[in-house]
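Protein sequence lines, in the order shown, are assigned to chains A and B.
Taking the numbering used here, the leading residue of the first sequence gets 437, the next gets one more, and so forth.
Taking the numbering used here, the leading residue of the second sequence gets 188, the next gets one more, and so forth.
Read the hints as simulated data drawn from the structure, not as lab findings.
Hints may be right or wrong, so weigh each one.
[Claimed, not checked] DEER-style ranges, computed between Cβ atoms:
#: 1; chain 1: A; residue 1: 478; chain 2: B; residue 2: 275; range: 41 to 47 Å
#: 2; chain 1: B; residue 1: 291; chain 2: A; residue 2: 526; range: 20 to 26 Å
#: 3; chain 1: A; residue 1: 541; chain 2: B; residue 2: 267; range: 39 to 45 Å
[Said to hold, decoys possible] Okay, derived cross-link-like pairs now, DSS-like style, lysine-lysine, Cα gap no bigger than 25 Å in a straight line:
#: 4; chain 1: B; residue 1: 229; chain 2: A; residue 2: 525
#: 5; chain 1: A; residue 1: 464; chain 2: A; residue 2: 541
#: 6; chain 1: B; residue 1: 273; chain 2: B; residue 2: 221
#: 7; chain 1: A; residue 1: 478; chain 2: A; residue 2: 511
#: 8; chain 1: B; residue 1: 352; chain 2: B; residue 2: 215
#: 9; chain 1: B; residue 1: 244; chain 2: B; residue 2: 344
#: 10; chain 1: A; residue 1: 516; chain 2: A; residue 2: 571
#: 11; chain 1: B; residue 1: 333; chain 2: B; residue 2: 273
#: 12; chain 1: A; residue 1: 571; chain 2: B; residue 2: 293
#: 13; chain 1: A; residue 1: 541; chain 2: A; residue 2: 478
#: 14; chain 1: B; residue 1: 333; chain 2: B; residue 2: 299
#: 15; chain 1: B; residue 1: 293; chain 2: B; residue 2: 234
#: 16; chain 1: A; residue 1: 460; chain 2: A; residue 2: 511
#: 17; chain 1: B; residue 1: 300; chain 2: A; residue 2: 525
#: 18; chain 1: B; residue 1: 344; chain 2: A; residue 2: 519
#: 19; chain 1: B; residue 1: 221; chain 2: A; residue 2: 519
#: 20; chain 1: B; residue 1: 344; chain 2: A; residue 2: 525
#: 21; chain 1: B; residue 1: 299; chain 2: B; residue 2: 229
All C-beta atoms in this analysis are idealised placements derived from N, C-alpha and C, irrespective of residue type, glycine included.
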Amino acid sequence: MAVSVTAALAFGQNEQLTVASGGKVVAKRGETAVATVRITVKPGFHINSNTPNEEYLIPLRLTWEPKPLVMESIKFPTPKQDKFEFSEKPLSVYEGEFVIETKFKVPADAPTGMGLASGKLRYQACSNTACYPPKTVPVSIPLDIR
Amino acid sequence: MSRFLLCLGALLLVSTSCTTTTEARALKPEAGRKQAPGFDLKDSTGKAVKLSEYKGKVVLLNFWATWCGPCKVEIPWFIDFETRYKDQGFAVLGVAMDDEGWSIVKPYIDQKKINYRVLMGTDPVAQLYGGVESLPTTFVLDRDGKIAGVHIGLVSKSEYENDIKQLLGQKKANWFQPIRLGDLASMLLGR
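Take these sequences, add in the hints, and give me the full structure.
As structure tokens, then:
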């Protein structure tokens, strides 16, 4: 329950998007905490959502290391349905800036003090006429476990 | 009236220039073409394929992947080109860049009924071709194995077809190329 976002920290950069943590998460043992990851897709590009509506498309994925926090659920924002030059029907995508929320369980025996929640974001970006190979970028969120 | 004719003339001149410029941009002049880097890649049957085997043919060397939407649009065009121009010394070579390899590419080939040869790409080969940062990236090779043109991203079917026809020597302009008297005599005598 105890969640505190105290600062924004940029920690990831790639060609088609940038990733930043929503800031340090203050979490209490035995409770839950919500961490946010802020993604900015560069103008002229889009990335597939976590639920692309074509089988061949690579979905957006956020995964976390099992320690020190245990991931309970991930909440992606509602994707856009956009049509592109190469698509017969609208595709489920993200453009511009959006936030992914992760709800963590803080184990009762989690080590107290400062730490990091580490994860990976896998995405695949396209422009209106070309696509870029899927990329995986590291994601980390500073933690203060009490 | 004379001013109108002058404007019309200028307009025609501009439009002619534009057409010429577009065509010139599509394919490099022969003198400026560089040899396409050689490679040795496996096809879907496991056979090793060298690019040098295609010397003498016009080749559309298409880097693609199953997850690439624009690539999916082009595949039926390439199937059509392979069917229509194969007998004139033309071939499409697909280079799949899927990390998962044949397990995902082979079913896709079957599903799309791809009639041209598909090879499994590697990063070193992509590097030889400038890194191939985005897909589709298609190199148009002339009969000497030289790079006559490059298309990055989705372009129109007619752009590809113009390149192919031009390189196969099907354009009217190429039908009136000077011919040596000796060649003409051989043709007439059937030798």
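Structure-based check of all given hints:
A beta carbon spacing of about 43 Å between residue 478 of chain A and residue 275 of chain B agrees with the range 41 to 47 Å that was offered as a hint. Checking the proposed 20 to 26 Å range against residue 291 of chain B and residue 526 of chain A shows it holds: the Cβ atoms sit about 25 Å from each other. Distance hint for residue 541 of chain A and residue 267 of chain B: a CB-CB separation of about 56 Å, inconsistent with the stated range 39 to 45 Å. Between residue 229 of chain B and residue 525 of chain A the CA atoms are separated by roughly 34 Å; this puts the pair beyond 25 Å, and the hint is violated.
A C-alpha spacing of about 10 Å is found between residue 464 of chain A and residue 541 of chain A, which places the hinted pair at or below 25 Å, so the restraint holds. For the hint pairing residue 273 of chain B with residue 221 of chain B, the CA-to-CA distance comes to about 24 Å; that is within 25 Å, so the pair holds. The suggested pairing of residue 478 of chain A with residue 511 of chain A holds, with an alpha-carbon distance near 22 Å, which does not exceed 25 Å. Proposed proximity of residue 352 of chain B and residue 215 of chain B is supported: the alpha carbons are some 14 Å apart, at most 25 Å.
Among the hinted pairs, residue 244 of chain B with residue 344 of chain B is consistent with the structure: their alpha-carbon atoms are about 20 Å apart, no more than 25 Å. For the given pair, residue 516 of chain A sits about 21 Å from residue 571 of chain A by alpha-carbon distance, which is consistent with the 25 Å threshold. A threshold of 25 Å between alpha carbons decides the hint, and for residue 333 of chain B with residue 273 of chain B the separation of about 19 Å falls inside it, so the pair holds. A C-alpha spacing of about 23 Å is found between residue 571 of chain A and residue 293 of chain B, which places the hinted pair at or below 25 Å, so the restraint holds.
As the CA atoms of residue 541 of chain A and residue 478 of chain A are separated by approximately 32 Å, the hinted pair breaks the 25 Å bound. For the hint linking residue 333 of chain B to residue 299 of chain B, the alpha-carbon distance of about 29 Å lies beyond 25 Å, and the restraint is violated. With a C-alpha separation of about 14 Å, the suggested pairing of residue 293 of chain B with residue 234 of chain B holds against the 25 Å cut-off. With a C-alpha separation of about 18 Å, the suggested pairing of residue 460 of chain A with residue 511 of chain A holds against the 25 Å cut-off.
The hinted pair formed by residue 300 of chain B and residue 525 of chain A meets the criterion: a straight-line CA distance of about 22 Å does not exceed 25 Å. At most 25 Å may separate the alpha-carbon atoms for a hinted pair to count; residue 344 of chain B and residue 519 of chain A meet this at roughly 20 Å. For the hint pairing residue 221 of chain B with residue 519 of chain A, the CA-to-CA distance comes to about 38 Å; that exceeds 25 Å, so the pair is violated. For the hint linking residue 344 of chain B to residue 525 of chain A, the alpha-carbon distance of about 20 Å falls within 25 Å, and the restraint holds.
Among the hinted pairs, residue 299 of chain B with residue 229 of chain B is consistent with the structure: their alpha-carbon atoms are about 20 Å apart, no more than 25 Å.
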